[in-house]
Amino acid sequence: MNMNKALKIVGTVLKVVALAIIILLTIYPLIWMISGSLKGTQEFYTNIWGIPDAWKFANYSAAWSRAGLGVKYMNSLIVLAVTLLVIIPAVGCAAYAIARTNFRFKKAVYSYLLLGLCIPTGVLAIPIFSAALNFGLVDKLSGMILFGAAQCMAFGTFLLRSFFISLPKSLEEAAMIDGCTRFQSFLRVILPLAKPGVMTLVVLDGITVWNEYLLASVLLRTDAKMTLPLGMKSFADKYVTDYPQLFAGLVIVTVPMLIIYVFAQRSFIEGMTAGSVKQ
Amino acid sequence: MLTKKSNSVTLNNKRLKDKIFPYAMVAPSVIIFTLFAVYPFLMGIYISFFRWDGLSAMQYVGTQNYSNVFIDSDYWTALKHTFFYAFFVTVGKNVLGFILAKLMMDLVFAKGFFRTITYMPVTFSYVVCGMLWAWIFNPTFGLLNNFLSLVGADSLIMGWLSDPKVAIYSVMWVDIWRWAGFHMVLYLAGLQAIPKDYYEAAEIDGAGPVSKFFKITIPQLNSVIVLNILMAVTGALVSNYDIVNVMTGGGPFGSTEVALTYIYRNAFEFYNLGKASAMSVILFGLTLIFGAIQIFSMTRDENYDS
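Chains as they are written, first to last, in my numbering: chain F, 1 to 279; chain Z, 1 to 306.
One thing to keep in mind: the hints can contain errors.
[To be verified] Partner residues aside, some chain F positions facing chain Z, computed with beta carbon under 7 Å:
1. Ala62
2. Val109
3. Leu146
Keep in mind the hints are simulated off the structure, nothing from the lab.
Please read these numbers as outputs of a predicted model, since none were measured by experiment.
Glycine included, C-beta positions come from ideal geometry on N, C-alpha and C.
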């Protein structure tokens, strides 16, 4: 019995240690990135572990102006916002129709959209370039938006459909008896109830779109049109020695998605959980 | 008479509206998906039969691009790296994600806080992760080698990204590091959904931790495991361009060259878009099976008429 107790304590200690190591592995590089971004160039090489002697916030403004982050930030924000504004309504409507109405080609349409899971951006990169040439979308933010949105259709439809299906039918029936049209009942009754699903999509698609690098390297050609990931890469290639500034740039690039995630995370975790366990 | 007629007109009108409604609802998605995913995909197949540098006129060459690819040993090496990479990254993400979830389950305090922290790297781009870790792996000034010499493990000090034997593992680690938290969230959800009385009943029957794990946890998690593995496989097979490009650019000596970086190089450095398209089509064929399994597992036992 005592032996058992001792084993249990050892087990708990081991668990805590393991968790601490993993947490440290996750969080330390981030802290280190932030502290590195505030060091002087000399100090960066000599004081590897510690916090900076003097906090050089000037690194941030220097990185901002040298990498031309202003324009790139704007580009990234536009692409993020518009892509989400295209994806969420399009996918919401499609998922609703597939989940809640009956029409002849329902199964065909759903299977067709799910095919998107089979043709990911990686495989499509080169063909997308030629398609963009045909559409006149090379070096245009609209190209990033449209090709990016197309990539998110399959998973979005799948996720929201599973949310809509789980809601009781009596809800919309009641709304329609009260005089709502089908579309109104979808907008006012069903959609608000699927908020965790929508937030999950906002976070997951937001991460994908904000960080999109391959599509950007294929489509965007000039400095004025670059989004942040591409801009950071070209900054790093040009000013390879100034690491504190590079790190400052990395922090700047990282912040918006972190904020969105932290704010949306309650709904997001709920949505992910529902989406994965229901199967 | 008149009212009856107008009634039947509105009825017809309503029926027509009801009929059109679903099609109007799916139209935007279908149109965007068709124009910006399916059309490029078909274009890719078409171009793979042409010689094309991206600027001048295309020239039909039949299956020559494909025969060029088949004798291009660099491509097959890159494909080998791709599958090697995908295998270890899938295992790594799932094992680490599962261990994290299991540890989280037993945690009595600050669960939400730890979950938030472990998920944070998921929101980072590969560009950020790659640059950050490239510096951690830096042979002289990097954290890792400095840490190793600090704890006296000098024999483990190496050029994490400059040694051709080691570089691909270093890159894999960064991919695993970024995504472990994502898989943790899914596993955690699965673990929390297992009814507690299953374990209590097993304990009464005298089951130990090992048999509880294999007889209850694993079978109950089945669908979550499948989902996690499929997501990790498809992710690792076709989204490793970013991380490899940022961290090693395919080097040293091509030891981390994966299919996507090699395809990109052929298209935009050698200006051979025909061959690059042929290689994309082959890669698509090889990964199709995983995509198909994913669709199958996502739609199985579902009722379309609900």
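Query - Ascending list of hint numbers which this structure does not respect - result: 1
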